Amino acid sequence: MDFSFTPEQEMLRKAVREFAEKEIAPKLDEMDETGKVPMDLVKRMSELGFGGVLIAKEYGGTGAGHVARTIILEEIGRVSAAMANTLQIHHLGESPIIYFGTDEQKKKWLPSMAKGKKIGALALTEPVGGSDVLGIQTVAKKEGDAYVVSGRKCFITNSHISDVCGVIAKTGEKELTCFVVEKGMPGFAPGREENKFGLRGCNTGEVVLENCKVPAENMIGKPGDGLRVALSCISNVGRPGVTASALGIVRRCLEEAVKYANKRTLYGKPIADIQAIQWLVTDIYMDYEISRWMTYYAAWLRDQGARCDTENSLAKLWVTRGAVRCAERLIDIFGAYGVLNEYIPQRLLRDAWPLVSAAGTSEIMRLVMVREVLRKFA
Amino acid sequence: MNSLKVIVCIKQVPDPQQLSKITIDPVSKTIRREDVPAVINPLDKHALEEGLRIRDEYGGRVIVLSMCPPHAEVACREALAMGADEAILLCDRAFAGADTLSTSYSLSLAIKRIRGFNMILCGNETVDGSTGQVPPQLADFLNIPHVTRARKIEFTNDGMVRVERSIEYGYMVVEATLPAVIAVTKEINVPRIPTVSGILDAHQREVKIWTAKDIEAEEERTGLAGSPTQVADIFSPEIGRKGEMLRGKPEEVAKLLVQRLHELGVI
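Sequence lines, in order, name chains A and B. Just so we're on the same page, our numbering is the position in the first sequence counted from 1, plus 329. So in our numbering, spot 136 of the second sequence is number 119, and the numbers just go up one at a time.
Hints in this document: simulated from the structure, not taken from any laboratory. In this text, all values refer to a predicted model and were calculated from it rather than measured experimentally. Cβ atoms here follow ideal geometry from the backbone N, Cα and C, with glycine treated the same way. Treat the hints with care, since some could be wrong.
Some, not all, of what chain B presents toward chain A, calculated at C-beta under 8 Å [stated by the list, open to error]:
#, residue
1, V57
2, L183
3, H186
4, R188
Okay, chain A solo, but in the shape it has when bound:
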């Protein structure tokens, strides 16, 4: 088995790292302070082609695939999980069209999304809960050649910056349908914007639909396909995107732990010589290596066209929880400095926590896995 990355993938990693360190890093303080999305960076990511890695060449993307996507998100996440999550939700917004759209729908939206001229989002979660998908209350009633959609979605990433939003609505009793709703359509607008303690610079908020008339041609698939579209896209694009962003946090925790342990002295020697610190660093390393293998394995499976919902859920649960664990260990290594705003550990912890429940809680991840585990190992 060859576990090495290809030369193209190694070069991609280097390019993304350069972008993240030179262009994202200088904006981190401002993002943390204001919570606002730096739209120039969102545009820049698409200029570099990051927005189109899952889109086929014929629709304006590069078709680079899921491993390439993971590399991009990990490297950006290493500097800013907020920017990584913004980008990965843009991919999520593209995904219903990529995987379930007609050729006309792909031609209509994907080229501008690949170039970042239109930003994507997917609106599923409602105040009744995100885990209870069938419990959503947004309705879409057919009127002539359109559907009138009304409802309120919450905790939607890119709510206030998206131009193209996949909205999951009820078209019948236990029948969900996915519609592409565009910015500017009357009756569709962002609502309240959330003020999170982490992932600041990544916009999360409400999306409100009040008798929003959506053309029937904007339906993805047919009535009733919405559940399959939503769960497939979240499983295969949303969760891996969260995982890769969290992997960047774990990686950063490891680098900062080693750097600090080598630099900080106590008792006349670097704290890297103290066994207690060594165990903490090694535990972060173990989490990173396991996280890395799991994340890239799931992405590889997807690139092979294999079904990988279980692997996606396993990776997402492990890596997001791992990001929190590793950030906590890093704070332990830094001691009191770890909780000061001027030092990075506290931001890594604040960015890790929101990822734990994004794209599905840890408990839902266990639910996805247990079905396969009970079947496979019976």
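Position chain B against the provided structure of chain A, taking the given hints into account.
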């Protein structure tokens, strides 16, 4: 100014951001490069960006040329990913051990083989050797003008190149006829980051490999045999501080201190 053929010379060097990992072989007096990642010499990247900028503005082609061992193919592909139209790697055991003169000789033969060029761009110096000798030597071999320390390049209406050249407390403006060799500093631009499509495309394209035979290099002028300079020693100098103790009562020491500072020309 119409379409131009610009040749950019690049070299692969140890990553300057990881210089602390470099060790020196005490026997061969060479830098051990195995454990340090290699990158395109930073100033060569600025040279490449300038070539691309000129091509994007005026049309033409950018050809990247490098004389390095086989692993430098990665650097050539990175140049293609940034947008270069063609990449040529001079790679042959015959080139091993070349000093700057021998390197410039071999590069000049390759450039003569390429033909029809309007401009050659280089980084002003590399982070490993730091001699800055290759650009002027190259110009001499090719019998064309050269300008070093370029921080801005423009073209005049009559087809000349107008270069702002950094000097200690400012810059001077130099005009030269084309073709010319121009060595750039980091002030000239900000190198672009390769795009995803550029990276994928670069790995589908050919990096041409030329040998000493391909450029008809004379054996006695290439590699170690063609190098009049040899590295005698490489070491990290010890940086110490001069110290002088002044003893006595405070008033006496104060007087002595002022006197010593005056003698040393500090005050």
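Structure-based check of each hint:
no., hint, in the structure
1, V57, "7 Å, holds"
2, L183, "6 Å, holds"
3, H186, "5 Å, holds"
4, R188, "12 Å, violated"
The structure fails to meet hint 4 from the earlier list, while all remaining hints are met.
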